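*Asks:* Dock chain V against chain A, hints included.
Taken in sequence, the protein lines are chains A and V. Residues -6 to 459 in the numbering used here are what the first sequence lists, from first letter to last. Residues 20 to 220 in the numbering used here are what the second sequence lists, from first letter to last.
These are computed hints drawn from the structure, not numbers from a lab. Source: prediction; values computed, not measured. Here a beta-carbon is modelled for each residue, glycine too, at the ideal position from N, C-alpha and C. Any given hint might turn out to be false.
Unchecked claim - Here are the simulated DSBU-like pairs of lysine-lysine, each with C-alpha atoms no more than 30 Å apart in a straight line:
(1) A:LYS156 / V:LYS186
(2) V:LYS110 / V:LYS186
(3) A:LYS239 / V:LYS212
(4) V:LYS22 / A:LYS157
(5) A:LYS157 / V:LYS25
Claimed, not checked - Computed from the model, here is a short list of chain A residues facing chain V with C-beta under 8 Å:
(6) ALA9
(7) ALA149
(8) GLY222
Each chain, written out:
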Amino acid sequence: MSPKTLYDKIWDAHLAHEAEDGTSLLYIDRHLVHEVTSPQAFEGLRLSGRTVRAPDKTIAVPDHNVPTTPDRVNGITNEESRIQVEALDTNAKEFGINYYPVNDVRQGIVHIVGPEQGWTLPGMTVVCGDSHTATHGAFGALAHGIGTSEVEHVLATQTLIQKKSKNMKVEITGELAPGVTAKDITLSVIGHTGTAGGTGYVIEYCGEAIRSLSMEGRMTVCNMAIEGGARAGLIAPDEKTFEYIKGRPHAPKGAQWEAALTWWKTLYSDDDAHWDKVVTIKGEDIAPVVTWGTSPEDVLPITAEVPAPDTFKGGKTEAAKRALEYMGLKPGQKLSEIEIDTVFIGSCTNGRIEDLRAAAEILKGKKIAVKRAMVVPGSGLVRAQAEEEGLADIFKEAGFEWRLAGCSMCLAMNPDQLSPGERCAATSNRNFEGRQGRGGRTHLMSPAMAAAAAVTGRLTDVREMM
Amino acid sequence: MEKFEKLTGIAAPLPMVNIDTDMIIPKQFLKTIKRTGLGVNLFDEMRYDDDGNEIPDFVLNKPQYREAEILVAGANFGCGSSREHAPWAIKDFGIRCVIAPSFADIFYNNCFKNGILPIALPQEQVDVLMKEAEKGANARITVDLEAQTITTSDGEVFSFEVDSFKKHCLLEGLDDIALTMEKAAAIDAFEEKAGAARPWV
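In isolation and in its complexed conformation, chain A is listed as follows (with noise of 0.2 Å):
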């Protein structure tokens, strides 16, 4: 047998259908699902007469529009939002979905729900119309974002009409230095292939530097595989993997735990597999990072300055005065200098346990220094297992407010949202103009780094709190 990558094998263990021409229809083992992106889906399938084809291997929650503030308890504001989060409620109830209400403490952020609950196991197919779904290639499986019209062809047919991608290696050597985390790792790589680097590509993360870290860190990484322009971003399964998913509400059990075990450990890419891209890292060179810009390739060392938009070449010196003007910065300006208003720590990116621990473990017995902070943990369950473990206090008397699980500020669907001008030190996935709200300047890093500038009041080097 011809050596494969990982991405091969879970390719052909889920191909259904192959047309001559390689248009391929791909079984999908999970559908996640959630109030934005599906209404208009189930109402075409409502339309032409059909049916969820498997509704038990469709999971819908809430997350995008929800408020999280305390007093959503009591129901939703914002009358469009709530028409949506309604919508979904009627859908998953018609068409017979296992669902999170918006007030069951397992509701929070669909992709870190999924893992949380088990529905996430290795060598899946997985998809949700949302383009972070690439967050559950930590755990071994295809998991990559789709369209509305994508997502009723899967409700109808549990397949996704597919053209196999190209394979790309990214290797992260050696060890992270102190203060450098996953999140350094996810902005590193696409500094340095660029947003549309791995466009076309379904990138494999290996190297010692991924092994050693845990599954939420894994997440992390995969989960801004997408903003490097790639359509998914995988890790190979090994014992921390399983370790996760043991015991979880929806994985396997007894004699099927053993049986899936067995087959998990057969999913990794082969030693001569054949790699169309290969990117390698020395996991010693990466610092702790921070975005200046508008796209999140603008990454740089938090011990930098602002570049000068004409050492960009073609398009991207357009784009970097552009992003400057935007972002309010002169170029030579020195990044721990730049003075900010607001911390957001949440997002599908960075809102797990690890990431409020990380956080937590820099505002000890610290008070904020800007104008608000904010803490929105990824689900309920994360939220109430940082309350045990006395994260909430600490986040509470440094001035955070502790919400309630949701996107939040990540797109700024819901309230929570940035003025105009304002600018943010965000643990989330996007820095586009306008993506936490009108005008607002969004820097993204790593959850110490964002409690580290919250301490400060500007871009701060984590490694001089630590």
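*Replies:* Chain V in isolation, oriented as in the chain A frame:
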């Protein structure tokens, strides 16, 4: 789905790289439960000021581009979120074809589900078309999907690549769910086989 066969129309130039889906349609318009009506908010933050007034300098607000049916843009068009509201807004405005040096994957696929033809061309050819588009309403571009060609008003012709299956669906306006359902037997067979091999799924 609306067919796409041949289109002759005004092309609007938008020479920016990394135009993301948040720019194409900002999040506040994603609260709709319909597919239509988003054209008025296409490129909302570049097109309108804080008070909702049109910004005259923005290309689609200029009189000569209000009827544009083609958009010529920079590399990595449609990056970011998977929101299909982006192609819905483009289509609702009246644009049926986007030409750029490269596209983000999910956006590219979403276009084909909505009767929009995204065309990736080498940078130097996009540069020619960008200049052509800058001439305004006097320079109409013809896009012929069957022939896989773009023809400028001066008669210059560029060929483009498109996946044969996607081309077929777009030319015929096919509903791909119906096409897949014709393969129900293959899906049933796969489900049975996979269910036996991996019963925990």
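*Asks:* Take the hints in turn and mark each one as holding or not.
*Replies:* Hints, one by one, checked against the model:
1. For the proposed pair LYS156 (chain A) and LYS186 (chain V), the alpha carbon gap of about 14 Å is at most 30 Å, so the pair holds.
2. For the proposed pair LYS110 (chain V) and LYS186 (chain V), the alpha carbon gap of about 18 Å is at most 30 Å, so the pair holds.
3. A distance of roughly 25 Å separates the Cα atoms of LYS239 (chain A) and LYS212 (chain V); the hinted pair therefore holds under the 30 Å criterion.
4. With a CA separation close to 26 Å, the supplied pair LYS22 (chain V) and LYS157 (chain A) stays within the 30 Å bound.
5. Restraint check for LYS157 (chain A) and LYS25 (chain V): satisfied, since their Cα atoms lie roughly 29 Å apart, inside the 30 Å limit.
6. The criterion of a C-beta within 8 Å of any C-beta in chain V is met by ALA9 (chain A), whose closest approach is roughly 4 Å, and the hint holds.
7. At its closest, the beta carbon of ALA149 (chain A) sits 5 Å from a beta carbon of chain V; the interface hint therefore holds under the 8 Å criterion.
8. Using the Cβ-Cβ criterion of 8 Å, the hint placing GLY222 (chain A) at the interface with chain V is satisfied: the shortest such distance is roughly 6 Å.
This entry satisfies every hint, going by the numbered hints stated previously.
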